[in-house]
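Using the sequences and the hints, build the whole thing.
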Amino acid sequence: GENVEQHPSTLSVQEGDSAVIKCTYSDSASNYFPWYKQELGKGPQLIIDIRSNVGEKKDQRIAVTLNKTAKHFSLHITETQPEDSAVYFCAASLNTDKLIFGTGTRLQVFP
Amino acid sequence: DSGVTQTPKHLITATGQRVTLRCSPRSGDLSVYWYQQSLDQGLQFLIQYYNGEERAKGNILERFSAQQFPDLHSELNLSSLELGDSALYFCASSERGVNEAFFGQGTRLTVV
Numbered sequence: 028g029e030n031v032e033q034h035p036s037t038l039s040v041q042e043g044d045s046a047v048i049k050c051t052y053s054d055s056a057s058n059y060f061p062w063y064k065q066e067l068g069k070g071p072q073l074i075i076d077i078r079s080n081v082g083e084k085k086d087q088r089i090a091v092t093l094n095k096t097a098k099h100f101s102l103h104i105t106e107t108q109p110e111d112s113a114v115y116f117c118a119a120s121l122n123t124d125k126l127i128f129g130t131g132t133r134l135q136v137f138p
Numbered sequence: 380d381s382g383v384t385q386t387p388k389h390l391i392t393a394t395g396q397r398v399t400l401r402c403s404p405r406s407g408d409l410s411v412y413w414y415q416q417s418l419d420q421g422l423q424f425l426i427q428y429y430n431g432e433e434r435a436k437g438n439i440l441e442r443f444s445a446q447q448f449p450d451l452h453s454e455l456n457l458s459s460l461e462l463g464d465s466a467l468y469f470c471a472s473s474e475r476g477v478n479e480a481f482f483g484q485g486t487r488l489t490v491v
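For the record, the sequence lines run as chains X and E.
Positions in the first sequence are counted from 1; adding 27 to them yields our numbering.
Positions in the second sequence are counted from 1; adding 379 to them yields our numbering.
Don't read these hints as lab results, they were simulated from the structure.
Where hints are given, some of them may not hold.
Here are the in silico distance ranges between beta carbons for each label pair [to be verified]:
1) G431/E to H34/X: 38 to 44 Å
2) K436/E to P138/X: 42 to 48 Å
3) R88/X to R397/E: 42 to 48 Å
4) A435/E to T105/X: 33 to 39 Å
5) P138/X to R442/E: 43 to 49 Å
6) V491/E to E83/X: 46 to 52 Å
7) P138/X to G382/E: 42 to 48 Å
8) Q446/E to H34/X: 36 to 42 Å
9) F137/X to N430/E: 42 to 48 Å
10) E461/E to E83/X: 43 to 49 Å
11) V491/E to R88/X: 39 to 45 Å
12) D44/X to I391/E: 27 to 33 Å
Here the structure is a predicted model, which means the values were calculated and not measured.
Glycine included, C-beta positions come from ideal geometry on N, C-alpha and C.
Quick look at the structure:
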């Protein structure tokens with residue numbers, strides 16, 4: 028079955044710096060790759076997603092890139108702010124099937 | 380607010396007991412997914428329902444079962460509870476497939 032690896036497990040950055048989180052998936056047929064942000068005590072919140080027919084997608088300070096050949100995708104957050112501090116999860120799925128999540132990255136943004 | 384409602388928010392129960400977690404999906408969403416998140420762990424897929432029918436199954440224990448009712452709300456039943464079942468249980472819903480799945484706030488289950 029699908030397996031998703033996520034790195035790093037923790038990431039600390041200074042406010043204003045960029046943060047990059049990387050994920051690798053195993054099933055080359057996977058075609059949907061969302062990213063979720065989970066704040067303490069809350070459910071995961073979808074922040075951006077990308078489909079396999081697109082190489083890059085951007086939404087304000089957040090961007091996701093996908094390399095289908097290497098089977099990996101990354102989340103880029105620019106100009107980080109303290110409110111970006113949270114746990115971020117990548118996920119992958121095939122067609123309309125279940126989401127398989129990575130193990131999460133705890134991002135801390137220091138003022 | 381994602382529009383997905385889970386009740387109860389917290390549940391404390393003893394080993395060997397049975398509990399039912401409830402999920403109301405967003406209006407119009409036909410798919411419901413259940414996930415388990417243990418302390419400092421990722422999200423483990425349990426089961427998916429689509430319009431009342433089981434669609435996909437993950438590593439769901441035999442002690443656990445779920446169903447989706449005609450009004451599309453779903454229930455996750457956990458029986459013969461063990462200490463290791465203590466976790467956050469999340470429900471997510473989407474209109475059809477897993478694209479743009481929205482999560483509820485979760486039910487925190489503590490087994491003592």
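So the hint says 36 to 42 Å: do the beta-carbon atoms of Q446/E and H34/X match that?
-> Since the Cβ atoms of Q446/E and H34/X sit about 37 Å apart, the hinted range of 36 to 42 Å holds.
Is it true that the C-beta distance of P138/X to G382/E lies inside 42 to 48 Å, as the hint says?
-> Between P138/X and G382/E, where Cβ atoms are some 33 Å apart, the hint is violated.
Do the Cβ positions of K436/E and P138/X conform to the proposed distance bound of 42 to 48 Å?
-> At 45 Å between Cβs, range holds.
Could you check the hint for me, namely that V491/E and E83/X are 46 to 52 Å apart, CB to CB?
-> Between V491/E and E83/X, where Cβ atoms are some 48 Å apart, the hint holds.
Quick one: are A435/E and T105/X within 33 to 39 Å, going by C-beta?
-> Given range 33 to 39 Å: holds, Cβ gap about 36 Å.
Check the following: the C-beta atoms of F137/X and N430/E are separated by a distance inside 42 to 48 Å.
-> holds (47 Å)
Is the hinted range of 39 to 45 Å satisfied by the C-beta distance from V491/E to R88/X?
-> holds (43 Å)
Cβ-Cβ distance between E461/E and E83/X: within 43 to 49 Å?
-> With a Cβ separation near 45 Å, E461/E and E83/X satisfy 43 to 49 Å, so the hint holds.
Taking the CB of D44/X and the CB of I391/E, does the distance hold inside 27 to 33 Å?
-> Roughly 41 Å apart at Cβ, these two residues miss the hinted range, so it is violated.
With respect to the beta-carbon atoms only, verify the hint that P138/X and R442/E lie 43 to 49 Å apart.
-> Hint holds: Cβ distance 46 Å, inside 43 to 49 Å.
May I ask you to test the hint 42 to 48 Å on the CB atoms belonging to R88/X and R397/E?
-> holds (46 Å)
Determine whether the Cβ-Cβ distance between G431/E and H34/X falls within the hinted range of 38 to 44 Å.
-> This hint holds: roughly 39 Å between Cβ atoms.
Taken one by one, the earlier hints fail for this structure at numbers 7, 12, listed in ascending order.
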